[in-house]
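Number of protein chains: 4
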Amino acid sequence: MLQETAKAAWEYGRQFLMNGRVADYIPELGKANPVYLGLCIKTPDGKTVEYGDVEQRFTMQSICKVVCLAAALQQEGFDKVFSHVMMEPSGDAFNSILKLDTASNRPFNPMINAGAIEIINLLAPTFAFSDLLEFVRAICMDDDIVLDEAVYRSESETGDRNRAIGYLLKSKDVLTGDVLQTVDLYFKLCSLSITARSLAGLGLVLANGGVHPENGIRLLSAQTVRTVKTLMFTCGMYDRSGEFAVRVGIPCKSGVGGGIMASVENRMGIGTFGPSLDEKGNSIGGGHALEYLSRELHLHIFDSETG
Amino acid sequence: MLQETAKAAWEYGRQFLMNGRVADYIPELGKANPVYLGLCIKTPDGKTVEYGDVEQRFTMQSICKVVCLAAALQQEGFDKVFSHVMMEPSGDAFNSILKLDTASNRPFNPMINAGAIEIINLLAPTFAFSDLLEFVRAICMDDDIVLDEAVYRSESETGDRNRAIGYLLKSKDVLTGDVLQTVDLYFKLCSLSITARSLAGLGLVLANGGVHPENGIRLLSAQTVRTVKTLMFTCGMYDRSGEFAVRVGIPCKSGVGGGIMASVENRMGIGTFGPSLDEKGNSIGGGHALEYLSRELHLHIFDSETG
Amino acid sequence: MLQETAKAAWEYGRQFLMNGRVADYIPELGKANPVYLGLCIKTPDGKTVEYGDVEQRFTMQSICKVVCLAAALQQEGFDKVFSHVMMEPSGDAFNSILKLDTASNRPFNPMINAGAIEIINLLAPTFAFSDLLEFVRAICMDDDIVLDEAVYRSESETGDRNRAIGYLLKSKDVLTGDVLQTVDLYFKLCSLSITARSLAGLGLVLANGGVHPENGIRLLSAQTVRTVKTLMFTCGMYDRSGEFAVRVGIPCKSGVGGGIMASVENRMGIGTFGPSLDEKGNSIGGGHALEYLSRELHLHIFDSETG
Amino acid sequence: MLQETAKAAWEYGRQFLMNGRVADYIPELGKANPVYLGLCIKTPDGKTVEYGDVEQRFTMQSICKVVCLAAALQQEGFDKVFSHVMMEPSGDAFNSILKLDTASNRPFNPMINAGAIEIINLLAPTFAFSDLLEFVRAICMDDDIVLDEAVYRSESETGDRNRAIGYLLKSKDVLTGDVLQTVDLYFKLCSLSITARSLAGLGLVLANGGVHPENGIRLLSAQTVRTVKTLMFTCGMYDRSGEFAVRVGIPCKSGVGGGIMASVENRMGIGTFGPSLDEKGNSIGGGHALEYLSRELHLHIFDSETG
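Chains A, B, C and D supply the protein sequences, listed in that same order.
The first sequence begins at 1 in our numbering and counts up by one.
The second sequence begins at 1 in our numbering and counts up by one.
The third sequence begins at 1 in our numbering and counts up by one.
The fourth sequence begins at 1 in our numbering and counts up by one.
The set of hints was computed from the structure by calculation and includes no laboratory data.
Check the hints yourself; a few may be wrong.
One copy or two, either will do: identical chains are not told apart, so a pair holds if it fits within one copy or between any two.
Straight-line Cα separation of at most 30 Å, DSS-like style, residue types lysine-lysine; simulated pairs [said to hold, decoys possible]: (1) Lys170 to Lys280; (2) Lys172 to Lys280; (3) Lys80 to Lys170; (4) Lys47 to Lys7; (5) Lys31 to Lys170; (6) Lys31 to Lys172; (7) Lys47 to Lys31; (8) Lys47 to Lys80; (9) Lys7 to Lys280; (10) Lys280 to Lys31; (11) Lys47 to Lys170; (12) Lys80 to Lys172; (13) Lys172 to Lys7; (14) Lys170 to Lys7; (15) Lys280 to Lys47; (16) Lys7 to Lys31.
Input sequences plus hints: build the corresponding full structure.
Structure (structure tokens):
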């Protein structure tokens, strides 16, 4: 039955692809094919159900914010991390610097660019890019993740707004490291090339309380997982997070590369890939497929028929 | 065991009362006694556990936003309601008009003042104040709820910012009724006098999927309940909603009268009353009691040890 | 020679009429004919030079802000007035409420709506509408100025944004009178029906240091005139004031009814009428006519060839 | 008589020194002695009247914005310059990036940091620092102006907010050169070490229509001078420009190093130095001395008793 529902969700999602647009503010992303749609579901018992373009590689983009937050929480601890970023939805676009200059020196949350850059500033003294790559591979259960050099170059060439955010954080003594190096590391993490399947893996580790379902190794503490999922729920889908929480009700994180990673408590990890985006930057096919799944399988956290 | 944990939570909450302050922007609220703290828990099986000042009456304030949203969803339907307000956390203070003038004509969500006033604009043609009072009594399982005339007068005398919000909505053709009457109805609903016990009742109805646990009558549809709880989770605790979601992880709504109403899926409704507030306007004693309960009883929606 | 230059300026201005649009946010203003252009110049020696539609009546709109400020300075004095409004260009649109809510409780200057409403709040206890009408007639040297009832009604029906501003000022205890009455008086003053000739009269009184050039009666003190002219220079042309100061360099005030009033130190008063507006709300024909006059007659205050 | 008035103005200004504070956001500036006050007046007939600390060197800071604007207007022309920056007072602090991100890609005017950095971006392909130093020496009639290395280093070390502004401009394709080099050139120009006497020289060249009063050489065109003086008048005194225009009525430009440069049409150039600043960043002693001079000598551009 999961198989049939997944297929129907994928077909439902495909109907919306023409309503969206591929990201083009990073030129290399503009080359993506908007007709792609992949859906992969992984369950704790080792089952994988998937449809469409699930082996197609694309870049992680904002989904790396989840990994960075998880790494920082593991390494630096809850209190340290949240003395550097807040936990509040910002109500603004992911790349806004408005609130940084008017409401708070600390970025509003780790899911906007300012927050992610600050989190990377915390990670940088301890982790080299290669360490973080290893961590991403492990947590996504995908050893083939590599740096997409072309996207990274494109990202770097057009990343001046992120550099502005970095220098603004530096001017407030919130970011303490080297601005250009910190932002460069962010660009690299955004440019890791993944698949819908890797995202289902990441979602599954989170759904499984931080423990790798195959080898039983604990990758993340229970507190880290709880924190990460809550912030995905409140802030994970750009400035459509609130609506997504109401309509879908699953902790999700999207990236402008076209990926969405979702994690359903104890039940499944879901990864979708579809580079046709809504006007907020969320995969339009992936988002609709998730809404379909949530409705049919009662995945909404406040669905009273759950479990 | 619930009894012991509840008592410990109440005692834990009391330790923080001295760190907060009573609301004073509405003069009548400034008369509240900051040492009050009441905690009431109601479970679907008809049990009530309570400590402290649970019979003390205080005014509903922003918690009425939950009731208004529920009534509007029941009466007007999901699509109509959300063509008038959005579902996004605003990242601003509850009484801000910033985003109304810069980001969107529609209020960001029904839990900020602009959103609540717009919701009441939707309700006003159908519901008189007396109808809404009946609805509040039913949904809170408390027939003794009445209008606190002194607070209502004080509210009305100092409510010019809400009138400004109303006229701004009117100028954008979002609010279509009479501004002063709409805002006046909002003041009345804010001034309904409740107890921690009434809030536990309201929380229980929501926890029970919208069905009155005693008489089995369905007061709210499943969709209404799901929507209301999601918006409480993302927007219910003023501009500390995000942090509260991470730390406590229960759908809650607070009011500057000192109340917090919380609803734990299938398990319990919780009401707290403590007029000593943190700087965002949330009861400092109630908030800490809830955090204690969440930790000890694994009530966080993303707690992997839940149920 | 003044005659020829004036005619050329008028003809120059007419070339731009098709690039603008009539104001339509107040429905009654939308009925204006965009091909009108009138130019009237009055000099201290009693000469009048005029072209085009100088007898056409239109409403004063924002130009009444100059009269209100002048009346308040005369009645309440410099210090009292500027304890209620500031003197800074706001950088925002004339009807913005942004800075009121973020930067300062006092309106930024008397030439934006918030500032004018606050000034009228100062005037209201002393002046009835009929008194202010008398004052406008005297200072414009035009006894035929009356209330345009149709525009006043239209203004009142669509004036909710100004009511919002009024209530916001009231909520900050800056405006102390009755909001709706204060705003109503503002609407009436905006709806006074004048001509390009009346504006030339007003400009001449200001150019003449506050003394009526015909009867020698002092209407305004030297300090009032200096203050009013400076604020016209820095804030008089909506959010194009800075550019107008650079390009034209004369204290001017425009209104969305299509009028511009200009005052050239010791030399002349100028009134223009042309309801075709640029996107900031300034008469496009009048503005260009003034730019022409300034260049040809060296009227720019920082023109080194002046006088 | 000019001598006596100047002395009285200087003594008047000294009374306010204790009400202000030395700038400390650039550490090196924090070392300035707040009791300094120098006043220098130069007239077109070659007379110099001066009191107090007129030979004390301090850094130009924001006053360099005037020189940069003048150089850009001379080199690139009016239209080119104002296709890169606007001419509107911003209503915000000099180092704000708010409007850049919300209202306009082009900086609001050349007197805020964003505008000055953009102007320098225009100058950089043509002028080396040494060229601009020569230009500053000529226009200030002071061959001893050099780079203050200590202030320059301090400026560079704490200049991250300006780098953020630079990158934000770059991200909008408004700034086209190298961000860090452009900002560095800005820091150097801010760090030129001048005296009150140099500022009087600069003010005199502007008062004299752009012609060096001693050797008769035209340094700036009439249009450049007119444009620069207008922008000084509307935007020269940080977010107190509007009030200064009303109270003093002379085109002025201040810098947080403690200098104010003023230019009185055809009559005089004035330079003041006093590092004790008001809360907006203007020399408190210099500002009051100028207000005194304006009142006593009728220097206000809208003073009807002028000339």
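We went through each hint and held it up to the structure:
Proximity of Lys170 to Lys280 under the C-alpha cut-off of 30 Å is found in both arrangements, the shortest distances being 28 Å within a copy and 23 Å between copies. Taking the shortest Cα distances, Lys172 and Lys280 sit within 30 Å of each other both inside one copy (29 Å) and across copies (19 Å). Taking the shortest Cα distances, Lys80 and Lys170 sit within 30 Å of each other inside one copy (18 Å), while across copies they are farther apart (33 Å). Taking the shortest Cα distances, Lys47 and Lys7 sit within 30 Å of each other inside one copy (15 Å), while across copies they are farther apart (45 Å).
For the homomeric pair Lys31 and Lys170, the shortest alpha-carbon distance between copies (24 Å) is at most 30 Å, but the shortest distance inside one copy (34 Å) is not. In the homo-oligomer, the alpha carbons of Lys31 and Lys172 lie at most 30 Å apart only across protomers (22 Å), although the nearest pairing inside one protomer, at 37 Å, exceeds that limit. Proximity of Lys47 to Lys31 under the C-alpha cut-off of 30 Å is found in neither arrangement, the shortest distances being 33 Å within a copy and 61 Å between copies. Proximity of Lys47 to Lys80 under the C-alpha cut-off of 30 Å is found in neither arrangement, the shortest distances being 37 Å within a copy and 41 Å between copies.
With identical chains, the CA atoms of Lys7 and Lys280 are at most 30 Å apart within one copy only, with a shortest distance of 26 Å there and 46 Å across copies. Taking the shortest Cα distances, Lys280 and Lys31 sit within 30 Å of each other inside one copy (19 Å), while across copies they are farther apart (40 Å). Proximity of Lys47 and Lys170 under a CA criterion of 30 Å is satisfied in neither setting, with 46 Å inside one chain copy and 49 Å between copies. When the C-alpha separation of Lys80 and Lys172 is checked against a cutoff of 30 Å, the pair qualifies only within one copy, where the shortest distance is 17 Å, while the shortest distance between copies is 34 Å.
Taking CA atoms no more than 30 Å apart as the test, Lys172 paired with Lys7 passes in neither setting, with 50 Å inside one copy and 43 Å between copies. In this assembly of identical chains, Lys170 and Lys7 lie within 30 Å of each other by CA distance neither inside one copy nor across copies; the values are 48 Å within and 45 Å between. Taking CA atoms no more than 30 Å apart as the test, Lys280 paired with Lys47 passes in neither setting, with 32 Å inside one copy and 46 Å between copies. Within a single copy, Lys7 and Lys31 get their C-alpha atoms as close as 27 Å, which meets the 30 Å cut-off; across copies the closest is 59 Å, which misses it.
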